[in-house]
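Colleague: Each chain is listed here by its residues.
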Amino acid sequence: MIGTLTIAWRNLWRTRRRTVISMSAIGLGLALVVIYGGLVSRLMGDAKEQLDTTGLGHFEVTAAGWRQHRSGKLTIADLDAKLQDLPVPASAEVSVRVLSRGLLAGARGNEAVEVHGVDWQRERAVALYLREIRQGAVPADDDAHGILVGEQLAERLKLQVGHKLRLTVQRADGEMGAALFRVRGVFHTLSPGIGQRRVLISRAAAAELLGVGGSAHQIVVQIDRAADASRWAGEARAKLGPTVEVLTYADIYPIFEAMESLVNGAILVGSIFVYFLVGLGILNTMLMSVLERTREFGVMQALGTRPGGVLRMVLAESFWIATLSVALGLGIGLSFTWLGSRSALLDFSEQMGEGIEFGGTVMRAAFLTEFSVRAALLPALYVYLMALLVALYPAWRVSRMRPVDALRAG
Amino acid sequence: MPAVEVVEVEKHYQAGATTVRALAGVSLTVEKGEFMAIAGPSGSGKTTLLNLIGALDTPSAGALRIDGVDLAGMSRKQLADLRRDKVGFVFQAYNLIPVLTAAENAEYVLELKHMPRAARRTRIGQLFAELGIGELLDAWPGKMSGGQQQRVAVARAIASMPAVVLADEPTANLDQVTGKALIDMMHRLNHEHGVTFIFSTHDPMVLAQAERVVRLVDGKIASDERRGETVAGAVAAPVA
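These protein sequences, in sequence, are chains A and U. Using our numbering, the letters of the first sequence correspond one by one to residues 1 to 410. Using our numbering, the letters of the second sequence correspond one by one to residues 1 to 240.
Read the hints as simulated data drawn from the structure, not as lab findings. By construction, the Cβ of each residue, glycine as well, lies at the ideal position given by its N, Cα and C atoms. It is possible that some hints are incorrect.
[What the hints assert, rightly or not] Okay, the calculated beta carbon distance ranges per label pair:
1. A:ARG18 - U:HIS202: 36 to 42 Å
2. A:LEU377 - U:ARG76: 36 to 42 Å
3. U:GLU135 - A:THR6: 49 to 55 Å
4. U:THR58 - A:MET288: 26 to 32 Å
All chains should be modelled from the sequences, with the hints used to inform the complete structure.
Modeller: So, in structure tokens, the structure goes:
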């Protein structure tokens, strides 16, 4: 068997050191792209799909102008009808909130807080921290005086389960309202801001305290895929009419998408840089290889190898370099992303705390990676394309040489 | 039909502002079965003439026909096919392909001609046996002596039964004894199988074996001396 691929394979190992160095450099470049891609993909995926870390949801419905004024008076008119008409996929989670700012006073001091009046079961589905109760429990549905506080707030006010608190708010009619509550539980959240500011009581208690009757300020919708948020929000906007405002997470926190674009841009630039280096590596290897063996190509031409045959010979060598590099790069890259999908490759928890707030959501400071063979195949394909592309020049050059000139070389 | 016809061939090179006439109106006919040497001092045009006959280079003027095929106007691809089918080469520096074994080197041309693998192996096995280099079939060029490499190069050159084998100073890198053995082998192939050989040489021992000696001086034929009869039949019979 002395086909083109066989000869190319053997030629590759004539300069073993050079081949190994080239292959390692290209392979490591590919591995970096795969690992970086896995890291960012997981990061952005988590950020987008886990907006329930902060309870933001994928889109919200509020009374028109509520986002701007945050007035307790601006409740959603005909709430039940709106909920009935709300177009959402069957798998969506929907929670209704009565919202207010207030002052929480305990035996050891007081703190400004944001009050979320919620239906506990519905809220559990859209707010991750309700699944992270560290002390006590979520209040019962009929518990009109139960309150949940964040770990940081509990620490500042030295609160324990069972402690009494006085919550003062401005009612919808402009008067002050106040009620006594008892701490039923302390929740944990990745977001220090939420842990310090947010308190949750039952929706009924909040409605009574604020004097908004059966109405509410916000409907939060969490769907399966963040990417579908705009479409569903658009449908909701059309269906519910102008008395309400429908905003996606990206509308509320435009920095989120800006950051995503920035990260994607950084990946693209980084990848182009790596592929550029890959190309240079292969070009250098192939130019050296062709230069050293010009006479040999002349002999092959003398024996009757057509110019196209010489071209294929050089491309075949580049193909083998790419194949070995891709095998090495995928081996390293996929190994690291697999490991990184199980335990964090990068962990900034000590420096930055457990979570990093980012564009309206919170990411864990311990970065995991996404393990995806499919996602790694695309950069591998680019390495192949780059290998063949850059090898075309030396291949074309040597194949165009007259045999007599090639034989004189070296 | 002659193996080679060279008609008023000229070859000019440009060396800076100067035009060098490497060949100046050379005409030559080589019949099938000839064992011919091209002699002459360095720079007389021997290698240039061989390169032109071997379709490795193109003439500045004149006509060349190999086994009746006119080289004029042929594309690079057609010239490659002509070399594959009608010309064998033996180089001064052997020029075996280092990543192929001796047998694979000889097989290479047959593979270019799309001969099936089994037939190639049989052909090369028989050829190596006949040339007395059967033990070298699986040897790598880097592990062979110069004489062994050159004998393998001869095997490669004649493997596809070309119309003519061109050898440029084939013994120049060999010692006297090895060189003589190589020429004896070429001579035997010429006598027994009618293989047409054209070789350039300085070596008096090699020249002494040639049946025809064409002397070149300054790119022109100075003499054309025939010493013996061309092999009867003048059609190459398969070796091995």
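Colleague: Using the Cβ atoms, figure out if LEU377 (chain A) sits within 36 to 42 Å of ARG76 (chain U).
Modeller: 38 Å, holds
Colleague: Does the hinted range 26 to 32 Å hold for THR58 (chain U) and MET288 (chain A) at CB?
Modeller: 30 Å, holds
Colleague: Falls inside 49 to 55 Å, the C-beta gap from GLU135 (chain U) to THR6 (chain A)?
Modeller: 24 Å, violated
Colleague: Assuming the hint says 36 to 42 Å, is it satisfied by the Cβ distance from ARG18 (chain A) to HIS202 (chain U) or not?
Modeller: Hint holds: Cβ distance 39 Å, inside 36 to 42 Å.
Hint compliance for this structure: hint 3 is the single one not met.
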